[in-house]
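Q: So you can see what is in the structure, the chains are spelled out below.
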Amino acid sequence: MKRRSHFFLYSIVLFPVVLAFYFAARYSFGFLNIPSIQQGGQHWKAVLQDGSFWASLGFSAGVAIASVGMAVLLGAIFAFISYRGRSNEKLAFVWYSAMIFPPVVAAWLGFQWLGQSGWISRFLFQWGLIQGPADFPAWVLGNSPWALILIHGCLITPFFTLYFFDLYRSLQLNELLQMSQNFGMSVAQFFRYGGLQLLGRKTLPLMGLYTILIMGSYEIPLIVGGVYPKMLSVYIVDKLQKFDLANIPQAYVVTVIYFLVAATIILIVTRWVRQFKMQRL
Amino acid sequence: MRRYLTTVSLSLMLLTLFLGLCVSALGLGLSYPSLWPREWDFSFLSEIGSRGQLFSSFASSLWIACAVAIASTTSAFAVRLISFYSQPEQRLQLFIFYLPYLIAPVVLAVALQILFLRLGWAGTYTAIIMGQICITLPYAIILQDGIWGQSLRSIVQMGLNFGLSSFQILRCIIWPAARGLLILSTIQTFLISWFDFALVQFLGMGRVRTLTLSLYTAVLESDLQQASFAAIAIILPGFLLMLLFYRIFIQKATSI
Amino acid sequence: MNHLEVRGVGKTFGKEAVLKGIHFELPFGKSLAILGPSGVGKSTLLKILCGMEEADTGRILLNGNPVENWPIAKRKMIYLHQHPVLLPHLNVAQNILFSLKATEWPEAKKQDQLHYWLEQTGLKGHESKLPNQLSGGQKQRVALARAMIFEPEIILMDEPFHALDHYLKEQLMEELKALFLREKMSSIIVTHDPQEALKWADHFAWLSEEGLVQYKDQEAFIADPKTGVHRQINFWNQYQKS
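Protein chains in written order, with the working numbering: chain A, 842 to 1122; chain B, 104 to 359; chain C, 111 to 352.
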């Protein structure tokens, strides 16, 4: 009974994913029922030898790591500034409200505020700090990652802030700080000698998961991203929608690679979660 | 004092973003470097149905999100109820439940598109709903995990000890314990669907138009007004849901 | 000269006066037990002494020096929380050494002291265990070893034995009392339990909303009906008779 119910539970969740992966894998080897597309491993070779794929992979990973790093740092600081060990419903509500902006709206807001003719550029012009839109950096639709990092980072900072509030409470951070102050340590020393390590162990699995999420981000790079390098999701869609049919299997090659990278990171993260749970961390 | 300042600053920031949207939605003559519109245009409000098909997009988004929310929440509840007494290996379970939720929607959409093309569902509401459920179902299962703890198990055993039937246990023990999280699960899965873009774009194949697609189309057409209106229409329901179910959301964050 | 003298200490939270005109003395190497009903400010008083809270009025004299304006670290009065506050990712040895992070002791001295206090608190052999592998009593010992290795002036204990079962409590109290006597360590313990107070302390005080009363000796403490000792004695006498 136990085994059957496990199987039932897992199959409900995994079936569409496994099926989707099966078709993607098949198509990545050219089994598309399109005569002009050759079947075999040459599509994989083409992708792995394509510099733009590696640029895209590296760019996506870089943006993801920077965004998560920014959000974790800001979230930890915001939570620490406001943390008092007692609840505050108004502050909680405001942070939750900050989470109702979805990626597509965040992208549009990024476009409106960070663009060369956006609100920030207009304010700077009015204050005489720039002479025109061309003087404002081309973050939006340009090739730099800054708009992408800023928008992604701002999007997930509220989540990490709420997460750190909860973490500080469960770790009894107030008591830990008082204890270390009792022994002559400053707040900075407490974090240096033990606090950072403790918070890091707790937060690392979540950081891994959010890195995958942002690597696979689509709406934001689609609306504000540049031409080269593209983030992975946009790269995949580009390959799919181009006129050259030979690009279609390549899109599925990248899809399969992405599946494998994400699955590997999730395996590592679940190992950490289990390891830290055993240590009751 | 610090908390008060944080609350006020954050609220002002969010309000500023929202006001920016309102100004671009209702203002005319916002060419660079103006900070304020030349005049206000409220005619968009009356044209909302025809221009940019915003009203029909809103209705599509609503119908899809409701279907996905109800289907995922009830399925997750049913699935966990069935396996309530089994204790699957934790790490494997964690891995399996996280996998679909974390694989990028566009990657999943691209892969599912093939499947739905073969099934003849591509371009229909069914494809979008089924595709979104692939993401929201494991999410709902993870979210509802808080219901199925040892304490509930003990209370159910107590109920069985007193001779309660399965239906009575479900009605008198499990349902009251699960109600709060089920509402939260419904809201969260509704919002995941409401905010979705990639799955709608690929599985809808241009035949289904939701608010998120309307926003994107407006951006491509450089229609500032429509894009801003669509953005407002996307975020307002989420905010209203939070206000309506304030208690349930705040219970999840009472540590702040 | 007393080790610690408290004169006229008061504390208000908002409009509520939690502590008013607190006076007491603690001689060197002795232990003071403070009892009283819940919510009268016993924990607040300990936190004021070590510097975690600031008194609104009054003086605190440590070795004759006024310390009410001294920072926490300088006072060297170590507060032991009700529940031992250990860093969950550090083992026993690392948790004990944590208190020395801000000191400038050479490594050799730290290790010597570590081994000494592991021995004294009965933790030898448990050095590499993590907090989740320890019992409640062992966690208390770690917190205490961490405090003792710091060479404090006074140890302030806030209901340190309340979470332990009767037998463990008795055992731990005996061991720690012997340790404190050996080391001539002054301590203040806050407790609800008059038995605990009688077993542990040399001096006694009762804190209530009206203020703090320090008894001149054990007999005066036992005789005061507020403390509940007489009630317990009568109960057991009646029980024995029946």
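No lab work stands behind these hints: they were computed from the structure. For clarity, every value in this text was computed on a predicted model and none was experimentally measured. Heads up, some of the hints might be wrong.
[Stated by the list, open to error] Simulated DEER-style distance windows between Cβ atoms: (1) Glu1016/A - Pro279/B: 31 to 41 Å; (2) Ala1029/A - Pro335/C: 47 to 57 Å; (3) Arg221/B - Ala1029/A: 53 to 63 Å; (4) Glu261/C - Glu1016/A: 20 to 30 Å; (5) Ile878/A - Glu142/B: 49 to 59 Å; (6) Glu261/C - Pro279/B: 49 to 59 Å; (7) Leu343/B - Gln879/A: 49 to 59 Å.
Even for Gly, the Cβ is constructed at its ideal location relative to N, Cα and C.
Q: How does the Cβ-Cβ distance of Ile878/A and Glu142/B compare with 49 to 59 Å: does it lie in that range?
A: holds (55 Å)
Q: With 49 to 59 Å as the target window, see if Leu343/B and Gln879/A comply at their CB atoms.
A: holds (54 Å)
Q: With 49 to 59 Å as the target window, see if Glu261/C and Pro279/B comply at their CB atoms.
A: holds (56 Å)
Q: Could one say that the CB atoms of Arg221/B and Ala1029/A fall in the range 53 to 63 Å?
A: Since Arg221/B and Ala1029/A have Cβ atoms about 60 Å apart, the given range 53 to 63 Å holds.
Q: Given the range 47 to 57 Å, decide if the beta-carbon distance of Ala1029/A to Pro335/C lies inside it.
A: holds (51 Å)
Q: Can the suggested window of 20 to 30 Å be confirmed for the beta-carbon pair Glu261/C and Glu1016/A?
A: holds (22 Å)
Q: Has the hinted range 31 to 41 Å been met by the Cβ atoms of Glu1016/A and Pro279/B?
A: holds (34 Å)
The structure shown violates none of the earlier numbered hints.
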